[in-house]
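A.B. asks: Make the full structure from the sequences, and use the hints.
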Amino acid sequence: FKYSIINVDGVITISNNLQEEINFLYNNKNIITEHDGVDTKLFHKDIKFDVYQELAIRKEQNILVYVGHLYPWKGVADGIEAIRNKKKILFIVVGGLEHDINNIKSKSPKHVYFVGYKPPIEVVKFMNAADFLILPSKVIGNNVSESFTSPLKLFEYLAVGKPIIASNHPAYRAILPIGVIKYKMSDLSDLSKKIDYAIKNKTRLKIIAKNYPKYVKKFTWNMRAKRIINFMNLDYFENKNHQKHIIMNL
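For the sequence shown, the residue numbers in my numbering are 674 to 923.
Since the hints were derived computationally from the structure, they do not count as laboratory data.
Please note that the accuracy of each hint is not assured.
[Claimed, not checked] Restricting the straight-line Cα-Cα distance to at most 30 Å, the calculated cross-link-like pairs of lysine-lysine (DSBU-like) are: (1) K855 / K883; (2) K867 / K887; (3) K891 / K798; (4) K883 / K791; (5) K867 / K780; (6) K873 / K759; (7) K857 / K747; (8) K783 / K826; (9) K867 / K899; (10) K714 / K866; (11) K714 / K747; (12) K791 / K759; (13) K891 / K761; (14) K811 / K747; (15) K875 / K780; (16) K761 / K791; (17) K780 / K747; (18) K883 / K780; (19) K747 / K875; (20) K778 / K891; (21) K780 / K791; (22) K855 / K760; (23) K857 / K891; (24) K873 / K747; (25) K732 / K783; (26) K811 / K855; (27) K778 / K875; (28) K866 / K879; (29) K887 / K875; (30) K899 / K873; (31) K759 / K732; (32) K760 / K714; (33) K714 / K887.
Bear in mind that the values here come from a model prediction, so they are computed numbers and not experimental data.
C.D. replies: Spelled out as structure tokens, the structure:
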């Protein structure tokens with residue numbers, strides 16, 4: 674790995690933290706970060722969907738939605754604990770493997786609903802039905818590799834244009850726009866307070882969130898590809914007399 678990093682002409686990483694780490698270890702000056710991307714065309718705003726009818730439940734005041742796996746570092750258990758006594762919140766969890774769902778469901782209050790895996794179009798329906806989307810990821814122990822990831826789900830949340838509640842996870846910090854409600858990672862008390870704050874300020878946050886789809890356009894796969902191509906066409910590389918060697922998506 675060290676040999677490859679030292680001898681390539683350029684490096685493309687998927688997170689700012691990883692770029693800083695490589696610069697620190699190998700002093701590679703020709704490096705850029707290109708986060709994961711999103712296909713904004715998948716997130717239609719005109720999809721009609723009654724989540725209460727779909728789940729055959731009575732109407733609640735606020736719908737909180739999480740989309741993704743249920744691995745411990747995804748922090749879903751933190752979200753569940755934070756709303757355990759907030760019975761006016763309907764927490765919908767979309768995704769997860771069956772054994773993970775069964776494990777966490779047995780410890781969850783009745784106002785948490787697990788709908789399991791859904792195809793993309795169904796996932797978008799649940800996201801569009803949300804009052805708030807939650808991203809409670811955390812770093813567990815000394816697993817610093819989690820700080821080097823690129824938050825693909827965050828870009829999808831932004832494309833929907835709904836208010837977002839997110840932890841201050843290292844992988845999110847360079848991406849979160851103004852208006853996202855941030856809480857201290859793994860701090861259940863702070864998460865609970867921030868959920869209460871979001872509900873109290875729901876109208877204002879929804880107005881702010883309408884700008885997220887415009888903000889996330891710079892993170893589309895097409896824009897990402899263009900920036901990578903531009904990076905590979907820099908004069909530094911053009912003046913080389915040998916074939917370019919790029920390591921990307923580290």
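A.B. asks: Confirm or reject each hint.
C.D. replies: The hints, checked one at a time:
1. K855 / K883: holds, 18 Å
2. K867 / K887: Cα-Cα ~25 Å, so holds.
3. K891 / K798: holds, 24 Å
4. K883 / K791: Between K883 and K791 the Cα gap is close to 25 Å, so the pair holds against 30 Å.
5. K867 / K780: holds, 23 Å
6. K873 / K759: holds, 13 Å
7. K857 / K747: holds, 14 Å
8. K783 / K826: holds, 26 Å
9. K867 / K899: violated, 37 Å
10. K714 / K866: Since the Cα atoms of K714 and K866 sit roughly 34 Å apart, the hinted pair is violated (cutoff 30 Å).
11. K714 / K747: Holds, because 26 Å separates the two Cα atoms, which is no more than 30 Å.
12. K791 / K759: This hinted pair holds, its Cα atoms lying about 26 Å apart.
13. K891 / K761: Violated. K891 to K761 sits at ~36 Å, over the 30 Å cutoff.
14. K811 / K747: Judged against 30 Å, a Cα distance of about 6 Å means the pair holds.
15. K875 / K780: Holds: K875 and K780 sit about 28 Å apart, inside 30 Å.
16. K761 / K791: Distance ~25 Å between K761 and K791 Cα, so the pair holds.
17. K780 / K747: Given pair K780, K747 holds - Cα atoms ~16 Å apart, limit 30 Å.
18. K883 / K780: violated, 35 Å
19. K747 / K875: Distance ~24 Å between K747 and K875 Cα, so the pair holds.
20. K778 / K891: Measuring from Cα to Cα gives roughly 37 Å; hence the hint is violated.
21. K780 / K791: holds, 22 Å
22. K855 / K760: holds, 22 Å
23. K857 / K891: holds, 27 Å
24. K873 / K747: holds, 26 Å
25. K732 / K783: Holds. K732 to K783 sits at ~14 Å (cutoff 30 Å).
26. K811 / K855: Between K811 and K855 the Cα gap is close to 13 Å, so the pair holds against 30 Å.
27. K778 / K875: holds, 28 Å
28. K866 / K879: holds, 18 Å
29. K887 / K875: holds, 20 Å
30. K899 / K873: The given pair, whose Cα atoms are some 41 Å apart, is violated under the 30 Å limit.
31. K759 / K732: Within the cut-off at roughly 14 Å; holds.
32. K760 / K714: violated, 35 Å
33. K714 / K887: Cα-Cα ~12 Å, so holds.
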